[in-house]
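Student: Listed here are the chains, written in short residue letters.
Number of protein chains: 6
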Amino acid sequence: MLNSPLVRKLVQLALEEDILFGDVTSQCTIPEGHRSRARIIAREPLIVCGAPLIEVIAKEAGWDVAVEVKAKDGEELVDQQPIAELEGETRHLLSLERTLLNFLQRLSGVATHTRKLVGEAGDVTILDTRKTMPGWRVLEKYAVRVGGAQNHRMHLGEMILIKNNHIDAHNGDVDSLFRQIKETKPWYTPIECEVRSLEELEKVLAYKPDFVLLDNMSDEMLEKALSRLSQLGDGAPRAEVSGNLTSERFKALNRIGVQCASMGGLTTKAVNVDISMRIAKA
Amino acid sequence: MLNSPLVRKLVQLALEEDILFGDVTSQCTIPEGHRSRARIIAREPLIVCGAPLIEVIAKEAGWDVAVEVKAKDGEELVDQQPIAELEGETRHLLSLERTLLNFLQRLSGVATHTRKLVGEAGDVTILDTRKTMPGWRVLEKYAVRVGGAQNHRMHLGEMILIKNNHIDAHNGDVDSLFRQIKETKPWYTPIECEVRSLEELEKVLAYKPDFVLLDNMSDEMLEKALSRLSQLGDGAPRAEVSGNLTSERFKALNRIGVQCASMGGLTTKAVNVDISMRIAKA
Amino acid sequence: MLNSPLVRKLVQLALEEDILFGDVTSQCTIPEGHRSRARIIAREPLIVCGAPLIEVIAKEAGWDVAVEVKAKDGEELVDQQPIAELEGETRHLLSLERTLLNFLQRLSGVATHTRKLVGEAGDVTILDTRKTMPGWRVLEKYAVRVGGAQNHRMHLGEMILIKNNHIDAHNGDVDSLFRQIKETKPWYTPIECEVRSLEELEKVLAYKPDFVLLDNMSDEMLEKALSRLSQLGDGAPRAEVSGNLTSERFKALNRIGVQCASMGGLTTKAVNVDISMRIAKA
Amino acid sequence: MLNSPLVRKLVQLALEEDILFGDVTSQCTIPEGHRSRARIIAREPLIVCGAPLIEVIAKEAGWDVAVEVKAKDGEELVDQQPIAELEGETRHLLSLERTLLNFLQRLSGVATHTRKLVGEAGDVTILDTRKTMPGWRVLEKYAVRVGGAQNHRMHLGEMILIKNNHIDAHNGDVDSLFRQIKETKPWYTPIECEVRSLEELEKVLAYKPDFVLLDNMSDEMLEKALSRLSQLGDGAPRAEVSGNLTSERFKALNRIGVQCASMGGLTTKAVNVDISMRIAKA
Amino acid sequence: MLNSPLVRKLVQLALEEDILFGDVTSQCTIPEGHRSRARIIAREPLIVCGAPLIEVIAKEAGWDVAVEVKAKDGEELVDQQPIAELEGETRHLLSLERTLLNFLQRLSGVATHTRKLVGEAGDVTILDTRKTMPGWRVLEKYAVRVGGAQNHRMHLGEMILIKNNHIDAHNGDVDSLFRQIKETKPWYTPIECEVRSLEELEKVLAYKPDFVLLDNMSDEMLEKALSRLSQLGDGAPRAEVSGNLTSERFKALNRIGVQCASMGGLTTKAVNVDISMRIAKA
Amino acid sequence: MLNSPLVRKLVQLALEEDILFGDVTSQCTIPEGHRSRARIIAREPLIVCGAPLIEVIAKEAGWDVAVEVKAKDGEELVDQQPIAELEGETRHLLSLERTLLNFLQRLSGVATHTRKLVGEAGDVTILDTRKTMPGWRVLEKYAVRVGGAQNHRMHLGEMILIKNNHIDAHNGDVDSLFRQIKETKPWYTPIECEVRSLEELEKVLAYKPDFVLLDNMSDEMLEKALSRLSQLGDGAPRAEVSGNLTSERFKALNRIGVQCASMGGLTTKAVNVDISMRIAKA
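Chains as they are written, first to last, in our numbering: chain A, 1 to 282; chain B, 1 to 282; chain C, 1 to 282; chain D, 1 to 282; chain E, 1 to 282; chain F, 1 to 282.
The following block holds chain A by itself, in its conformation from the complex:
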């Protein structure tokens, strides 16, 4: 996944924006050919994510840097614990430092934030959303998995997710909507319907969607919705809950028996964690 053409393009963009005109500091201060070892370490407790990218980045820069990864993605590290050791020309190590750290700090930030929420969620499986940093879809979805949550849609071509806007385009005629879907959808593409009330739920059940998205419902309404679905047995759509999901509410969701909830905050409310690089003469 970290080898996807999309990831390589982002890495190229990151290198372009920082070292397109070289690193004037390294070129003017580091003697040519000077070599060093560098150690990348955690500077606070964190879930590490992105370590395999270090080698991808160095290679994309076209530099010969030896990388030894010291921590597996998903591992919980304490302050000062090593993530990787690098060896190469000092100029190259210094020129790469900020780009490497910027990737690791963000990805580990998402993984750390996710792990915390997964811990609070109990038996509820947490899903991400498409609310990711533009350009970072593949990487942030990876960090979410490393953090212990699961991925919802990767992109708009994978799943039909029906919301009010789509029903409105048929002037509220759900029958007309599903006729169009039936005529045009790829054979295997799953269908999910967002519903905001028990009435809406009842209405869409007739069309046998694969998933229903119970959006912004109260605990009480959720309980009734799940109970209605359980009557349908094996053929029932699977239920996903969304909206208004605070850490505090997970207890209620566990009690009600919610199996799956999606949270945009996995990625939109994550902040970078602290990771740094230390240089020592080779």
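Don't read these hints as lab results, they were simulated from the structure. Among the hints, erroneous ones may be present.
Note that the list lumps identical chains together, so a pair holds whenever it fits in one copy or between two copies.
In silico BS3-like cross-links for lysine-lysine, where the CA-CA straight-line distance does not exceed 27 Å [as the list claims (entries may be wrong)]:
{"hint": "1", "residue 1": "182", "residue 2": "116"}
{"hint": "2", "residue 1": "9", "residue 2": "72"}
{"hint": "3", "residue 1": "281", "residue 2": "182"}
{"hint": "4", "residue 1": "9", "residue 2": "163"}
{"hint": "5", "residue 1": "116", "residue 2": "131"}
Knowing the structure of chain A, use the given hints to seat chains B, C, D, E and F on it.
Tutor: Only chains B, C, D, E and F this time, still in chain A's reference frame:
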């Protein structure tokens, strides 16, 4: 700036990762040729940033969407206030929705966070760092300016910033370091030296750097450093402060007379703000 | 879909390989500024496909060519029937001629071949495969839909399709295989299992796949397999048939009640249809 | 030739369209680090073409796959005969399988179809045309050579090929047309004229083209045209025949003494041949 | 030709290297929305070349600049004569100024230098070579034509040009060399042979090349070579002269009757001419 | 620096324009697998520049060519002295020959021209300008340094350089201009002001620019300007001289005490030097 080739590449990447294989929901649920108006609105108090990007994104997608911007970048909006109005084919509007919002939410998030810190900083000018989201350097630096802070280096080719690592590569021989700089640096490139003690400050002053970076100093040490610099009159390097900058500490910095401080947190600790899009039939 | 970044890259590649160094014939024989009208017509009975691409190609070439499409994709045309009319500089029209025709001839070839097979298939829905011309995935899948068949997977990221190779990697331990899937698969991703005998079918049913692929089965075995699936009611996986699908066999499949069959030959056995361009002075 | 930037771009496009979002099946079913050997084999008698591409594709994907080619491009293989053996991570082999086969099946399809026509053509040298799959110009022209035929123009910048359209742009004034050519054409660029009758042939001979294209002529007319050209001795233009070339007609062309004929069908009427990949544990 | 994908890529590269991080001067000194007119003028007598590129460059930058071209490529201008007038936002005009001038100064430099040599050459047609600025092949070949000379090969795929190195690879066995050519060369590709003596000339004539390149020959030897070729009548290869071509020598070449000579110096010895841009308020 | 993404893009463009459709001569004349050694040598006295690019170019072409560099960039070579030795397949060496030489001849041409001017300049440090070949900014600035001069601005994002046009946009109100700069400029960006008279100099000194550009001044005026600046002591802006700088004038500039002068001619008046490649059997 928002027209930079680097920004256009990020926008392309963002569109590729979301709609490379089309938007199966829109294609299967929205009648061909159906048109709508859409309104992008703030969903919480925020400093808006990125509004001019909306047109860039729609154009890059190759779709004919009319955009009317309702809020100028840097404006302070309240919940429900409009940012822009769009008009076009409903399929296009829905396919663009998430990409547009992801850009606006992040950029406005950085601008909002920056504005808050600028408010706390009093007379201290805040600078950003190169700790930006990889691929987003130009955009996040723009958001920082929109938020009211100033930009430090855009990339590694612009300024010589000497830290311990560079001195270590000369085995601590500062004379040897500055000899190499003098022989190789471009004529106009400014030089900044990081110092962590008054002794280090004294040592580098001999080489007349353009700027000194007073890193991780106590209030008392800062006071002495600034006093030393003021003795040098017009030819003195300008001072930048960094490290350990909490909101609480700004009062002290104002009292001491610090003019300028850089904070990685402008970008690394910003989170998305809430912005959404509402569709109405055209 | 025809606006996908992938399609635009293929169009660029097609223009590069033909007119990278200009069109020496047009430049040396057509007077500067000379204008013409051109008509693209069918030269044999065919299902037209790709007409909306004409404008995309002319635009990508950077030339101002007016395009009036005369036939809707999917329409059945007879010899000499017009597909589109173009108007512009004669040099531009001649330089684009071969590229336009090469796209239309292939796409219409796939649509025409598909339509013929769909006609023979009766009530069996035909699906395509990933056996498409490299670089043409989005376009050939579009031509298949235009021809009246449906799309199977667009790419490797959309669906889990388990074959013998995957079971072998677990030394035949299907339990171990599904444990790995359960732990790692994205929430909504559908699962399909290929089976080649009734024993294999029975074995995988325990894991409730969304689809089963009945590969290379005799009519008799297919009949038994479908009968077994029908016992499972609403929760039964949907069945897809593949392998050894000649036009002659569709009668049997209809009799047995097969609903869905995939055929690589939709794309691998299609040949170009004849389409040409006629120039007349503007 | 297979290393051309154009080929590498097509390979990248092919990988993007299939594994841009990874291979969810391999990732969820193959244990990490599991290795296999794979054998690519012919599944019907064929002329192999594209074997050197296997390594190019694996390298472009960024994966470490050892490739041992077992059959030289142009070799005639029988069913089950090996084309190449691969060794690497099972995930990588499975993710590459379809892309590798799609390239080999098309290129070997063109080479096989070409070889058959070359066999029927006797002493007539067969040339291809520019009627190639968009994006595939360099590759299909290579497959034609591998099949035993020769290449006509690679692209529009190489040769002046005068048809009726070009004469019409001078309102039929051939003198005016050749004046423009003489003033503007690159020094070494060859000129070919298409003629459809003996009168047209006579008219263009005055301008000493390097080649004449005898289009859609009857056997009788061809005989007269060749006889006229032979009167011109060493300075005569070389003749190419085109139009209406069925396998059956080659006997007549051999009798008449036609040396060279171009056939669009080499590429437009070729279909994929059957090639598959078998996996075995490493 | 100026619309070739290769030219557009060079223009993109030129814009990237100059305004990737914006134009800090314009942004900090020109009031937003301020508009101007600009006039591009010759600052010395010159042959103008590249005027149609101005619009291409402005468009590639994504800016709305109105361009009125005042001088046709190939026109001879005196000091102060206008080449084009532009109108648009002052920021855009200033940001484009240097890139526009750098293109025009080089291309007009090549055209001016070429025109001078063409004037000295009398009846000898001058050809260019592949000694062009990397990245500028299409543009410099265009400037050569604008200057009045003709183009030799555009790239390595167009013509077989045999030199000593190729004969050496066959250990001097010219027969073996031409056997390989006969078996592998595309049907229409012309053959040129470089010869340095009358003996070498005689040897290659047996193989009927389309062109001979008489390299570094004395006037006397040239005279004999041309006389030998004239004996061959209509079937004789055309002769190109190269090597040691100073302005002074053209008189001798005219006397001897040389028709065609190639000079690397057209492009390698050209220097920029002076062109500048003047801004006036709109 | 030679590893910058910008340089790699130019190298790709150079390879595309020459060998996109292969090297028909090498393919048709050199036996497959034939290997050679090649030596790149100076053919006139020159300052070598670009030797490290040889390996970059061969690698970008995707060919396995062993490169041994024999001369360090900046070294002064005499006719026949070696620059590098290459070893690889003869086809690859011949296909790369022209591209390698075109890069080396231009870069060494700029370095040689620069070295000559530096020699004439005495104690005056020479700076380049942005008048570089489009696409070549990074490379020509590198050649200037190799030749012994220094670099002025690399691109428009690095420095504020105020000319008349900028003052005119404020209707001559310098105060208004500097207010805008103060509000918007990045913290560290240096400011340079162009002045053409002592009055203009006096006016801008009030705003404490970092540099002043004394443009087109007579020796007498220059002397007065420098004398005025020296009164300001340590805080004085550094002075750069430009305009009308012939070799002859450097004596006067040395006498006056000018420290620094910029010359567009470093790059606009440089011509290629002669470098060639000799092949010998491996």
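Student: Look at each hint and say if it fits the structure.
Tutor: The hints, checked one at a time:
Taking the shortest Cα distances, residue 182 and residue 116 sit within 27 Å of each other only across copies (22 Å), while inside one copy they are farther apart (41 Å). For a Cα distance limit of 27 Å, the shortest separation of residue 9 from residue 72 inside one copy, 24 Å, qualifies, whereas the shortest one across copies, 31 Å, does not. With identical chains, the CA atoms of residue 281 and residue 182 are at most 27 Å apart between copies only, with a shortest distance of 24 Å across copies and 66 Å within one. In this assembly of identical chains, the alpha carbons of residue 9 and residue 163 never lie at most 27 Å apart, being 32 Å within a copy and 31 Å across copies at closest.
Proximity of residue 116 and residue 131 under a CA criterion of 27 Å is satisfied in both settings, with 19 Å inside one chain copy and 24 Å between copies.
In summary, the structure is inconsistent with hint 4 from the numbered list given earlier, while agreeing with all the others.
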